[in-house]
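Chains P and E, in that order, give the protein sequences. First residue of the first sequence: 74, per our numbering; consecutive thereafter. First residue of the second sequence: 9, per our numbering; consecutive thereafter.
A few chain P residues that face chain E, going by a derived Cβ cut-off under 8 Å, partial list only:
1. Pro103
2. Met390
3. Ala392
4. Asn400
Hints were generated in silico from the structure; no laboratory data involved. Ideal Cβ placement from N, Cα and C applies to all residues, glycine included.
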Amino acid sequence: MSFEDSVARYFAARLHDAHDLQVTRLYRIPGGASRETWSVDVRWLEGTGKERKQGFIVRRDPEASLVDSDRRVEFDFYRSFADSAVPVPRPLYLETDPTWLERPFFVMERIDGCESQFQAVLDPGFAPHRAGLARRMYEILADIAATPIDALPAAESADVPAPDACWRRELDYWEGVIDKHELEPQPIARAGLRWLRRNPPPPPQRVSVVHGDYRVGNFLYRGEHIAGIVDWEMAHFGDPLEDLAWSFMPAWQWARDGMAGGIVAPDDAVRIWEERSGLGVDPAALRWWSTFSCVKAQGIWLTGAREFADGRAQDIMLAFTSYWLINAQDRFLLQALRRV
Amino acid sequence: MVPSVPLVLNGLARTMLMDLLPQTAHAYSGQTLQLSGALAMMCAQEFERAAARLVEENAALVALFGDATAAIDDAALREELHAAVAAPPTGLLVSALHERNRVLRGLLVRLHAHVETVDSPAARALDARIWAELLESTRRRQLDLALA
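Next comes chain E alone, as it looks inside the complex (with noise of 0.2 Å):
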């Protein structure tokens, strides 16, 4: 077993914040170590996480959009949500993951403009799930700056 990627991504932030800004006086070459030290880190978060966050969202999403048929009254619309529920699931690379969450996400703003443009309360309804799904998305994507 080698140590794991965020063990190492922290630990190059760790030497980059620790050891080696405190040495530059230079405040260009500073700054990027400041950047790259704050990046490395987050990088780490994100490998840790990427894959667990993107199969959340896309089934939150899938969800939403089996949910939604009934309140779209745009054909096209409405089969494209079809097709979105009944596509086969991805594998787990990252890389497949994050396809498919831009095609979700593609097609969460199409339905999201639509149901704006409708007033009935089943809109309304999956106008409020949409916000909250947004909000949602915010809070998986959250990041933050403490050295672990």
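For reference, chain P alone in the conformation it holds in the complex (with noise of 0.2 Å):
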């Protein structure tokens, strides 16, 4: 049976009361290396005889991936911000039977009509709209550093640390990446480790919700409009700062001109997420997190070499980044560690 032929069979059995079901067009969407994600155009009728037609988004499984990442998790993510100020798309489904698509997934509404490359914000075009894209982008992430953690759904599949064991325990996590995939010996990226260890940051003022990956390129967005944070596989809870440091970092700087994302200075980023959210930015724990977020990277691009070179996965994008990032990390985290 075709991949195409496999998703007309689940949706034809997952919709309610759908009959002559259709999978009009099915495509893979670049980008997205920690899950294989395709678009989905569905149409059937209803027992009325009505016809609909929908969008879909399906994140399968990868047989090899940058992130070794749990699913439900990212699921219940998506579930904890549907219907509230921080836009995502709806999710719908978790299938953990790999009986459908040889291997787990879920389905979320598609939002359409919205780019999501960050290169499109490179555009002199684009020019006129990127303060307010970057206002929005920030003071998204200011919501969510600011939305009240017990009730949210990712409580209950997610680990809630205790104030001062948010920076622990990542560092403990990244480095055991490290341990586990480098190839070959990292001396700057364990220099970087042990530094983060002897300084380490204060406690948060609060433990929040931590995208994980928060950056120009893992949302979807209009002009200045951003209708859906997207890529919540990396999602956690700990310190907000780890966002704002993550998403400052030089290698999503796209036009290695100080602005994060391409579109905003870090600084006046940070205003306006102290603003949103009431925290304050301390700037050592900033630099922390700045530096740990380097180490963080190196780990995502060694385990994609590593899934690469033992041949786990064939994804051209894998040896790309073990090529291009894993020395440009490198650079970055000796600049985080003012040592160029």
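Both chains are given apart, each in its own frame, so use the hints to dock them into the complex.
Right under this line is the structure:
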């Protein structure tokens, strides 16, 4: 059975009172190296004979990826923000049964008419929208940080650390990733890890939802409007400064001009975030999380290199990130450590 | 004589990026072509320089280790440094140079961690030299994505 036939069989079984269901378009969306992302157009007849059409997104587990993450946790973070001030695509179904599409997956409503690629913000024609888009980006991040966590669906599937354990938990995890996946010794990453352990940050003012990969490229936008925050596969509870620092990382300064995501100076982003969230940014803590971000990113690139080298994945993106980003990330880490 | 490996890889990159990519309407296929073309360009650069950069870096690390022993009070580590300095040269196969580099960079990690725990002028000087070598190592590995 072809993948398209399998998708049609799944939706025919899953959608209520659906007859004569057809998949009219199915294509893979680029990016998203942690899961395969498929766009699906479905047409069917209801029991009354009325024709229905809808677009869906299917996020299927890959054979191997840059990030080893739990799809249930990701799905629950989408559920946590459905119908809230933080825009997300509506999550619909989580399927762990591999008989449908060979691997587990989940389904979301598709948001149409938006851009997601970071390249578009660099287009000179987009320049008038950059400041407005940046404001919305950091207002939404502030809303994520300010959201009370106790009643969120994600609190059922993800651990909530004590404030003073946030930094250590993340650092332990990503050091473990580097231990497991490095193909050769990483003297710069190891120096970064030692610095991080010698200089721990203060506890956060509050434990918050941390998206884990918050940056230009991981939301759907149209002009200055953000319609959906996506790619929650590294979401967890922790210090909200982690997201802020991650969004500033040089790897996402696409134009290499110091502008985070190509759209905003970090100081301006901090001001928007502080005003909206009511939280303060301790410069020493932000520096710690910025340095940590470089180590975490290196853990991601090393994971991709390992998966490709060991033959568990053939995705050319993994080879590309190995060649292009591992050495660049070492240089960014040297900058964060003030060694350049 | 046949066309060199960098010439062939850059030709592949040019074909993918300038001939095939503009004809591709599908976003996923387009991205894959773009990444493949860029990867071919980087592989061309790495093929050309790999042996030179590994020989240079391995020699720099051996020289650093040779000068480091005076600042090291850990007998076992000092012995490892002596052994690394005294090791016979490898052949010039990239795989052999790379294996030697892997051993030397692993020893550099241990040396750096040790030096950071020692408070002496010699240790601080060695620490500064290690940081300089780490910075230089990123320069040796730098690649660019300009189509040759």
